[in-house]
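Using the hints provided, position chain B relative to the given structure of chain A.
Single-letter residue listing:
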Amino acid sequence: MKRLLAASALASLAVVSAIPAALAGKADDTLNIVWERELENVDFYFNTAREGIIFSRLTWDGLLYRDPKTMDYVPLIAKSYKWVDDVTLEFELREGLTFHNGEELDADDVVYTYNWVSDPANGMKTPSNVNWIKTAEKVDKYKVLVHLKEPFPAALEFVSGTLPIYPKDYYSEVGPDGMGLKPVGSGPYKVLEVEPGKKVVWEKFDGYMKGGPKGTPTIGKIIQRTIPERNTQIAELLAGRADWMWRVPADQADRLQSSGKVQVVNEQTFRIGYLTMDATGIVADTPLKDERVRKAISHAIDRKAIVEALVRGKSSVVDSACFPSQVGCTTDVPKYEYDPKKAKALLAEAGYPDGFAIDFFAYRNRDYAEAMIGFLNQVGIKVNFSYLKYAALRDKIRAKEVPFAFMTWGSNSVNDVSAITSHFFGGTNDDLAQDPKVQELLNKGDTTVDLKAREAAYKEALTIIAEKAYWLPLWSYNTNYAFSNDLNFTPTADEIPRFFNASWK
Amino acid sequence: MLVYTLKRLFIAFLVALTVSLITFSLTYVAGDPATAIAGEAATEADIEYIRELYGFDRPILIQYAEWFLNAMQGDFGQSFYFKLPVADILFERLPISMTLGVCAITFAISLSIPLGVLAAMRPNSFLDRLALGISVVGQAMPSFWFALMLIVIFAVWYPILPTTGSESWEHFILPTIVLGYYATPAIMRLTRTGMLEVLGSDYIRTARAKGLPQHVVLFKHALRNAVIPVVSLAAVQFGFMLGGSIVIESIFALHGAGYLAWESIGRNDLPVVQAVVLIFSLFYIVLTFLSDLLNAWLDPRIRVG
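Chains as they are written, first to last, in the numbering used here: chain A, 1 to 505; chain B, 506 to 810.
Treat the hints with care, since some could be wrong.
What the hints assert, rightly or not - DSSO-like cross-link-like pairs, simulated, lysine-lysine; straight-line CA separation at most 27 angstroms:
1) A:Lys199 - B:Lys588
2) A:Lys79 - A:Lys141
3) A:Lys168 - A:Lys26
4) B:Lys588 - A:Lys182
5) A:Lys141 - A:Lys210
6) A:Lys198 - B:Lys725
7) B:Lys588 - A:Lys168
In short, the hints are calculated from the structure, not lab data.
Just chain A, same shape as in the assembly (with noise of 0.2 angstroms):
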């Protein structure tokens, strides 16, 4: 008898854990995505994170918007734009708008907006992203000019990518932490849903735009949930309880592609990884300050062959201390081929013939960094290898104690050159090469209007960049994503998931 109570109880237990906890995919119109971060805040201007991103575009709208594949800026929000002069931008808005909670979207919302992120009493998160901003100014209900500070040509890269509008009454009532629990938008999906850190849920907004840029969503309903571990995410995506995940480890997305349960697409994107040398000597007197010990350690390291068996997908060699489809960058620049008996030969007649030590430093990827360390030792440069988290690596980089050290950039996915070349030659502390030549061609490109100009001072820039071998690019990365069969998602290179352009099948 007891047996056969314990026995029934084990199976009324099956039967109710049976009952699935919520129905995913394609059935119930509910796309589930799952990613690793804890996402903070919510709301675009105080968090940092990639997914904040995600976040944003599904959430609100800028007045412009950069389409995925043309990279070409057109109108969201603003029904048309142009420049006034160099440091005037006017927008001429879209009627009839309105956001999340009804309220109506017209001139007063953009300013406001414009104006609260670039006041730093506010504590916008990320400063850059705004301090190009000197006023917003109301013309009439539907027309609204931009002051800027200096001339800015990149400034619609930011207005595209990192100004959402807000609604102004919402905001100014419940400030950012209100925005962080019930964010009101007027993008495409509107927020159910905020449990912070764990789970978001959207729902179509049936009052969005017809006929934009960003298309018209049709999956009903997207719930977002964080799951720190990969393999569990991959668990849930086989089991049919996620629909979708990203960043899948390269050996993993080959068998997850050959199980024929879902689909893997692998996308490059903004992020490339360079090494760092310092060629001023202001760490220390290495053999680095030689720039034919430099052009030597160029030529030693077999980029091509590390792509191609570790960082694979769609990533590729690179060359120049940018990501090629960013404004003003060219390829077009010296090239270091791997040549161990040139670099020999060139550590040779800098009078390092038995090559040296130095201390070696990365926050990522250690098992390219150790590909990279293989490759200097066999043409005897010795290393002393620490591996840090980021921040603390970036702090000793400031600090001038780190003479090498393989890093990596994502440019915050802004699609200009500023967003790269100048930040890391532009004479901030970040900048090791120190080159004034440098300096003053960045700061050309960064504040000329013209784009023909713009792009003969990058050019010359990044040229010098690579003839005195201060930086090496490496490569771009990669990002492997897979999905439900179900799903139509296409992936872009600026690694900005739209949710709002994805279907059912």
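Relative to the frame of chain A, chain B by itself:
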């Protein structure tokens, strides 16, 4: 007795204070919180700006004193990362870790004590070997691997149990098994050793000679004495399960306090780290205190001593 208790409480308070002071300074030594908060894409000006905004440019002792005074009033400040009151975040996440900890220790005890007793009853028998086997496997098997195996079996091959989240009791079944099993070997072996020792003693022989039934001998006379060190161990294990279930919480996406602490360290989210460390050290102190009381109840000699 009252004086003794008060003394102990005072010492406990000092321990908690010291722990929090040490963590506060250690997190600081590990890296500049401003760089971590600003995120990867921040420029140097951004970081400098954040340093001033959060007041990191002030002396550490002043920052600590300010935090401590507020914490005494139940205000743990605002999370740098989530921009929410730390108390709210903890209030949401602690119950998850508590539930998991209680389930796991219950599972561990109800598995390991009977196993330990069985093993001690027939030393070197098949049962003993089986119990030993279970314990060795539990000790040798990495819990993350065990967890993933369970997920593969119960979520991918036979999808009958949920694997992520904490919405219902079913969500806790797999994490409980993994976490509880991890603690089983130690408790089982201690029970077995204790029982073997006690069963060989004179008073047990006397009890048997009196003709007492087996279960009375085992559970009333033997186990009660053998279990005393087990109680202390279980208390420590329970404390460990509350704070140390980081791996389990992250694999099963439980979003509990252990995982929160771990992530917050990486994010240099000082207020959260501080609060979690303080609360967990308080747990440990309370648990040790309770296990002493329990032992005193089980063994009158401790009460007198």
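| field | Structure-inconsistent hints, enumerated in ascending order | value | 3 and 6
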